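Participant: Counted from 1, the sequence shown has number 1277 at position 134 by our numbering; the numbering is strictly sequential.
Just so you know, not all the hints are guaranteed correct.
What the hints assert, rightly or not - Below, simulated BS3-like cross-link-like pairs (lysine-lysine); rule was C-alpha separation at most 30 angstroms, straight line:
1. 1259 <-> 1314
2. 1259 <-> 1293
3. 1289 <-> 1232
4. 1203 <-> 1278
5. 1289 <-> 1328
6. 1289 <-> 1259
7. 1203 <-> 1314
8. 1203 <-> 1289
9. 1314 <-> 1289
10. 1232 <-> 1314
11. 1278 <-> 1259
12. 1278 <-> 1232
13. 1232 <-> 1328
14. 1293 <-> 1328
15. 1278 <-> 1314
16. 1259 <-> 1328
17. 1232 <-> 1203
Everything labelled a hint here was simulated from the structure, so no lab data went into it.
Since the structure is predicted, the reported quantities are computational estimates derived from the model, not experimental observations.
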Amino acid sequence: MGRRGSPSRNIVDVLSHLGRVAVEQETDVQGRTRLVLGSRNLGQEEEDEDPTLKQTPSRKMDLRQFYLDYISTINNAEDLATSLSQFVKEGLIHSHDDSAPMSVATFAEMIRQSQKDLPGLHFDVEMLIVENDAKQEDGNVASRIKLTYKPTPTTTEAFYEHCMYRVERGKIVRIWSVMDGAGQKWLDQNYAAKK
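Whole structure, please, built from the sequences with the hints as guidance.
Facilitator: Spelled out as structure tokens, the structure:
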């Protein structure tokens, strides 16, 4: 008998074909029943199959990967407003401006301004919690982000932001954020200077 591959490879093969597998009850010649894996005959309809039971497989949005991609976009995108539009809904509510919804372009400009004010600004996700809702593309995200920047070419400083996000229909609709002491001091100085 030839070797069929490593056990982990066999598991991957089985898992990748689960959509084609059906669990069937089988009775042997001695009258014992057992459950076995069988083929679903994907190309053939069974006459007694109830069409109301047919459903397309639902997949929950991978909020963790969605969020990591969002942060990567903030760190790396050339055209931030265009790139953020795949993650952020028009009319975003942000805790810094808790009253009026903002456009994706306005949100992107707020981030760009921070990047101008803090040379070399980089976002690193240190903690991440995601919670999917019953709806496929809805959920909540909470993160602790370390923001580092270079006030001079030879020094690096850091502060932390704690953010909570509401995601609906695959886009961020609301952000609540709280800065630590150093971040809040910077925020107060910059917002006070613009008022």
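Participant: Which of the numbered hints above does this structure break?
Facilitator: 11
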